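These are the residues of each chain, in order.
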Amino acid sequence: MNGYVEAGYVVGLGTLAAYAASLVVRERAARRRVGAGTPTVTRPRQVRAPGDAGSTDTRPLPGSGPALDPAPGDSR
Amino acid sequence: MSLTTTTTESGTTPARAGRTGGEPPSTERAAPKPHASGRGRARPLADVALSAVGACALVGVAVTVWLGLWVTPPDRFMGNLVRLLYIHPSIAWVMYICYGVAFLSSLAFLWPRTRSLRFDKLAGASSEVGVVFTGLTLVTGSIWGRPTWGTWWTWDPLLTTTALLFVLYLGYLTVRRIPGEPEVCARRSAIAALVAFVDVPICYFSVLWWRSLHQAPSIADPVTGKTYIHGSMAWTLLLSFVSFTLVYVWLVARRYRLFVLAEREDDEGLAQALAERRAESSQVRA
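So the protein lines, in turn, are chains A and B. Numbered according to our numbering, the first sequence spans residues 330 to 405. Numbered according to our numbering, the second sequence spans residues 39 to 324.
This is chain B alone, in the form it adopts within the complex (with noise of 0.2 Å):
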């Protein structure tokens, strides 16, 4: 649905449609019929969706916090420090997803036939919650580290790969804060998230390309797909992968409304400035 459905409701916010190149202007839309376009219904539909998303993935959380913590065996030479990768894996991989995302929107704002601010602002929260995880990341690889490896920071290719990631997406979440045209903005913003993403698969395997200190990939071999976890251990790391996916969806669906609420709130200040200097004018002509 776009904008212009809006300025017909409301008569406030200022027509953006045609900005991004694919939709027309308002006017020359036909009127929606009353009750007949389904928006009255779509809004609530959507928040009722994105609440059932937000229940389940804090139940999900939940459970796997009580089976991590409390149901699943020490591991046989990791003992209880095996509890943290229940959530340290997971958080990493919805790292990547949010990368993923960023970097597959970004592909679609510059592609001449997908063109749309929606595709930016997707990105951007992509962005953010990306930064979020990885930040994360660190933090728990980091406490997991420490008595594992007896440091809290090596400069290991994953672990520095990682840090990296980091750096480059707040580079890239600053790039975004430059004023300018939201067309030129979104422009340059997908550009960076493309550079950005360059880093990512290096991250990826850079356990495979360098001898690290870091573990390969060992919940199951890439090549049979045999499992090396079993168990209470293993639906408890696979509960864990769905629930972080789920709080991830959640978080960006969230974000992604607040960027519009932002632009919305953009074009009424543009709107009301309008008005006043419309209304300045005609006083001096009386």
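This is chain A alone, in the form it adopts within the complex (with noise of 0.2 Å):
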């Protein structure tokens, strides 16, 4: 092989790579940032107290931690 192909292969998947690890790190700041911490955690919508179980209020306790994100392709 000559010097060509591998320089096409290291700049076309090295940019790719680079790029790709960009969107990762700025994702990762960006939810730092608002404070949604990852996306994979289920958590628990409303802690009710026992005499509540007919309510249907669902707005969050005070710390219960963050909102989960929209999925890719929700509408905002």
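It should be emphasised that the hints constitute simulated quantities derived from the structure, not laboratory data. Check each hint, because a few of them may be wrong.
[Stated by the list, open to error] What follows is a set of in silico ranges between Cβ atoms, one per label pair, in the way DEER data are often shown: (1) B/A311 to A/A358: 48 to 58 Å; (2) A/V354 to B/L202: 27 to 37 Å; (3) A/A336 to B/V109: 16 to 26 Å; (4) A/R362 to B/P255: 42 to 52 Å; (5) B/A313 to A/R355: 33 to 43 Å; (6) B/P239 to A/V354: 28 to 38 Å.
None of these values were measured; they are calculated from a predicted model. Note that beta-carbon positions come from the ideal geometry of N, C-alpha and C, so glycine has one too.
Using the hints, put the two standalone chains together into the complex.
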């Protein structure tokens, strides 16, 4: 093989890898800024009092954690 | 799922529903039953799917590299330089997918019945990935052209229109950054995407319309369907197309999520500023 082939693969795949890594890093930084936590954590929506079983109030209690992110494809 | 649900859950993000004209304000929606909306399950599923796509893309690209560099035989005419063609056409193919998706998303945004900012985000994500792939198309093609044609660059119709694509979509990404109301920005960007897309068919068909140094599509005959490459070379090329398409899906999904997070960040900043302003005004009254 000659140097052109190797150069093409290194440039092509290296650029894609660098771009992918930059997206991951930027997403983590953005999550930290908005306090969203990791997307895979399922947070309990509400802690109810024992006598409150029939309530339809779904507001989160203070300090119940961050909201989950919308999935890719969610509208906002 | 809309931001309305996010508002219900977090209580901190201001409602954006209604901005795009198709969603009612959050107060008009019935409150979701706890653990009944499937939201808690949907997120991990989306992440698992995205991780699976990423893993498949990684494995596919790795196998493509292995096959392309070490397994497939050298070409009768090009020798080892043919190995560059296991990545260059695939990257160009993804470039067309990127701009096609951006075009369709922009159309969907401009169409009143399907107007939603998610299409704007999808167009933005796909275009940004498209610019990366266009740059790589130019660079890998140039690296192949130097030993094959004897020059790094020539003003061939295909090369020129591809370079024009690169500049046009860089311009589109610049237009996206012009500040303004989200809906106005999205409409402006969608129109820019439609204008930029005009160059895509010109680029694709340029090798057929004009006498070009670049070869015409040579994987298969478009009329008879007869393929010109066979065996391990054909399978490697096919795998390369599939793998780079999966890379595209993974990158666009990641970029889309960044748009969503940036939007939420803006919303939270706005909500915080409003809260501070209210606190100031109540202090003044007191």
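Verification of the supplied hints:
| no. | hint | result |
| --- | --- | --- |
| 1 | B/A311 to A/A358: 48 to 58 Å | violated (21 Å) |
| 2 | A/V354 to B/L202: 27 to 37 Å | holds (31 Å) |
| 3 | A/A336 to B/V109: 16 to 26 Å | holds (20 Å) |
| 4 | A/R362 to B/P255: 42 to 52 Å | holds (46 Å) |
| 5 | B/A313 to A/R355: 33 to 43 Å | violated (27 Å) |
| 6 | B/P239 to A/V354: 28 to 38 Å | holds (36 Å) |
When held up to the earlier numbered hints, the structure conflicts with 1 and 5 and fits the remainder.
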